[in-house]
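A.B. asks: Construct the entire structure; sequences and hints are all you get.
Residue numbers for the sequence shown follow our numbering, beginning at 736 and rising by one.
Among the hints, a few may not be true.
Under the rule of at most 20 Å between Cα atoms (straight-line distance), these lysine to aspartate or glutamate pairs were calculated in the DMTMM-like manner [said to hold, decoys possible]: (1) 802 / 825; (2) 802 / 776; (3) 802 / 752; (4) 802 / 784; (5) 802 / 843.
Listed next, with one range per pair, are the computed distances between beta-carbon atoms [stated by the list, open to error]: (6) 823 / 759: 19 to 25 Å; (7) 776 / 861: 21 to 27 Å; (8) 846 / 776: 17 to 23 Å; (9) 806 / 776: 31 to 37 Å; (10) 859 / 758: 18 to 24 Å; (11) 824 / 849: 29 to 35 Å; (12) 861 / 759: 24 to 30 Å; (13) 820 / 858: 30 to 36 Å; (14) 790 / 817: 14 to 20 Å; (15) 849 / 745: 16 to 22 Å.
Everything labelled a hint here was simulated from the structure, so no lab data went into it.
From the three backbone atoms N, C-alpha and C, an ideal C-beta is built for every residue, glycine too.
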Amino acid sequence: MTSSDATFPAGLRYTAEHEWLDDSTPARVGITSTAAEALGDIVYLELPEPGAQVTAGAVIGEVESTKSVSELFSPVTGTVVDVNQAAIDDPALVNSAPFTDGWLFTVDVTETGPTLSAEEYAALAG
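C.D. replies: Below you can see the structure in the form of structure tokens.
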């Protein structure tokens, strides 16, 4: 996706910090195309380990690009189940397919933090 089409999958929920999550069990988490574009070429991902407890709104990792390092925030509270090893091995997947192959990790959710619909996020992202 590019900023020119400015569409965000309707089946996902979004955060003001540019993360997304789906409604699967466990929930899949990633960063939005807006975040990936703003970061530029992503070169490194620091993600929570499987079994780690995460808290909605808390910093849980980093996304490093050729431009900067950005903190990654958890949209949910729960236990990390899995990480996307393909994205760790090839962080460019997050740039090329942020809503599909570039997902970051899955969480067994006990509580969801504040989220936005696709329409609300699109308005926020401009």
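A.B. asks: Work down the list of hints and note, for each, if the structure agrees.
C.D. replies: Hint check:
no., hint, result
1, 802 / 825, "holds (17 Å)"
2, 802 / 776, "holds (8 Å)"
3, 802 / 752, "holds (18 Å)"
4, 802 / 784, "violated (25 Å)"
5, 802 / 843, "violated (32 Å)"
6, 823 / 759: 19 to 25 Å, "holds (20 Å)"
7, 776 / 861: 21 to 27 Å, "holds (22 Å)"
8, 846 / 776: 17 to 23 Å, "violated (34 Å)"
9, 806 / 776: 31 to 37 Å, "violated (18 Å)"
10, 859 / 758: 18 to 24 Å, "holds (20 Å)"
11, 824 / 849: 29 to 35 Å, "holds (32 Å)"
12, 861 / 759: 24 to 30 Å, "holds (28 Å)"
13, 820 / 858: 30 to 36 Å, "holds (34 Å)"
14, 790 / 817: 14 to 20 Å, "holds (18 Å)"
15, 849 / 745: 16 to 22 Å, "holds (18 Å)"
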